[in-house]
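Trainee: Each protein sequence line maps, in turn, to chains C and S. Sequential numbering from 1 applies to the first sequence in UniProt numbering. Sequential numbering from 1 applies to the second sequence in UniProt numbering.
Just so you know, not all the hints are guaranteed correct.
The list cannot tell twin chains apart, which means a pair is met if one copy fits it or any two copies do.
Derived lysine to aspartate or glutamate pairs resembling EDC-like cross-links, with alpha carbons at most 20 Å apart [stated by the list, open to error]:
hint : residue 1 : residue 2
1    : Lys125    : Asp86
2    : Lys104    : Asp51
3    : Lys64     : Asp86
4    : Lys125    : Glu80
5    : Lys113    : Asp51
6    : Lys64     : Asp98
7    : Lys104    : Asp53
8    : Lys104    : Asp86
9    : Lys125    : Asp98
10   : Lys104    : Asp83
11   : Lys44     : Asp108
12   : Lys64     : Asp83
13   : Lys44     : Asp102
14   : Lys44     : Glu80
15   : Lys44     : Asp98
16   : Lys125    : Asp102
17   : Lys113    : Glu80
18   : Lys44     : Asp83
The hints are simulated quantities; they were obtained by calculation from the structure and are not laboratory data.
2 protein chains.
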Amino acid sequence: MPVNRRDVVKGVTLGAAAMTGAAPASAAAATAGKIVHHVFFWLKNPGSAADRDALIAGVRGLGKIAVVRGIEVGVPASTEARDVVDASFHVSEMLVFDNVADQKTYQDHPLHKEFIAQCGHLWTKVVVYDMVTV
Amino acid sequence: MPVNRRDVVKGVTLGAAAMTGAAPASAAAATAGKIVHHVFFWLKNPGSAADRDALIAGVRGLGKIAVVRGIEVGVPASTEARDVVDASFHVSEMLVFDNVADQKTYQDHPLHKEFIAQCGHLWTKVVVYDMVTV
């Protein structure tokens, strides 16, 4: 794939280059080996906006953990309903780490444990997908 | 949440600010309203590295579609095995769009349809999660 301005822009979306400003050789090279940790929560009380907001605030706080290189928090989007789309979750967090060791550091971090202790009663189901970028 | 250098760095990971270099008021403000479209594929022939690589190449090509603001392609990471972690997928793509309309444009784009026509025989199951960032 030729390197053009658009590739470079995309390359910094999740890469360390975002912090250094270095131009990556390609989008893939900029981000390969990162861990994208995507967590989906189903609330115990789906009708409670207060519970949803408390969980959103809780997951947002996870961004304070030093090894977290990127964080996005979301709710189901109003994209087209299709058989393959699972829009049943209520809150989602996507975290980016430099490597598996950093993800483990996050997993065992006191702030992460505090989040589970404080917010764990809000959800009834959690599904996690961890991918390493290629 | 106070705005500090680290918040700003994180704020550009998925936001339009990454393209303009503008400093966002906060990480949330930089990215709220983006669509994160995360797709998980299960291969028909999980043991075939050729099939996996063909699918990886196929999904990577989707980044050429103009409305795609960010793309990451991955495979399961070697993070700790836990009950909540679904590591059964084989290939994953995460795309970022500015809004729901752009995601629909992508969905209907000839390059996306070509990808499905050329690679659809490779997978047996697809699960899609669309979140809007808050």
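Trainee: Give a verdict on every hint.
Mentor: Okay, the hints, checked on the actual structure:
1. With identical chains, the CA atoms of Lys125 and Asp86 are at most 20 Å apart both within one copy (14 Å) and between copies (13 Å).
2. Taking identical chains as interchangeable, the C-alpha atoms of Lys104 and Asp51 are never at most 20 Å apart, the minima being 27 Å within one chain and 30 Å between chains.
3. In the homo-oligomer, the alpha carbons of Lys64 and Asp86 never lie at most 20 Å apart, since the shortest distance is 29 Å inside one protomer and 25 Å across protomers.
4. In the homo-oligomer, the alpha carbons of Lys125 and Glu80 lie at most 20 Å apart only across protomers (19 Å), although the nearest pairing inside one protomer, at 24 Å, exceeds that limit.
5. When the C-alpha separation of Lys113 and Asp51 is checked against a cutoff of 20 Å, the pair qualifies only within one copy, where the shortest distance is 19 Å, while the shortest distance between copies is 39 Å.
6. In this assembly of identical chains, Lys64 and Asp98 lie within 20 Å of each other by CA distance solely inside one copy; the values are 15 Å within and 25 Å between copies.
7. For the identical chains of this complex, Lys104 and Asp53 are neighbours neither inside a copy (27 Å) nor across copies (28 Å), given an alpha-carbon limit of 20 Å.
8. For a Cα distance limit of 20 Å, the shortest separation of Lys104 from Asp86 across copies, 16 Å, qualifies, whereas the shortest one inside one copy, 27 Å, does not.
9. For a Cα distance limit of 20 Å, the shortest separation of Lys125 from Asp98 qualifies neither inside one copy, at 27 Å, nor across copies, at 29 Å.
10. Proximity of Lys104 and Asp83 under a CA criterion of 20 Å is satisfied inter-copy only: 15 Å between copies versus 34 Å inside one chain copy.
11. Taking the closest pair of Cα atoms, Lys44 and Asp108 never come within 20 Å of each other, the shortest separation being 25 Å inside a single copy and 36 Å across copies.
12. In this assembly of identical chains, the alpha carbons of Lys64 and Asp83 never lie at most 20 Å apart, being 36 Å within a copy and 25 Å across copies at closest.
13. Within a single copy, Lys44 and Asp102 get their C-alpha atoms no closer than 30 Å, and across copies no closer than 32 Å, so neither meets the 20 Å cut-off.
14. In this homomeric assembly, Lys44 and Glu80 never come within 20 Å of each other (Cα to Cα): the closest approach is 25 Å inside a single copy and 26 Å across copies.
15. Taking identical chains as interchangeable, the C-alpha atoms of Lys44 and Asp98 are never at most 20 Å apart, the minima being 32 Å within one chain and 30 Å between chains.
16. Taking CA atoms no more than 20 Å apart as the test, Lys125 paired with Asp102 passes in neither setting, with 24 Å inside one copy and 30 Å between copies.
17. For the identical chains of this complex, Lys113 and Glu80 are inter-copy neighbours only, at 16 Å across copies versus 36 Å inside a copy, given an alpha-carbon limit of 20 Å.
18. Proximity of Lys44 and Asp83 under a CA criterion of 20 Å is satisfied inter-copy only: 19 Å between copies versus 24 Å inside one chain copy.
In this structure, the earlier hints numbered 2, 3, 7, 9, 11, 12, 13, 14, 15, 16 are contradicted, and the remaining ones agree with it.
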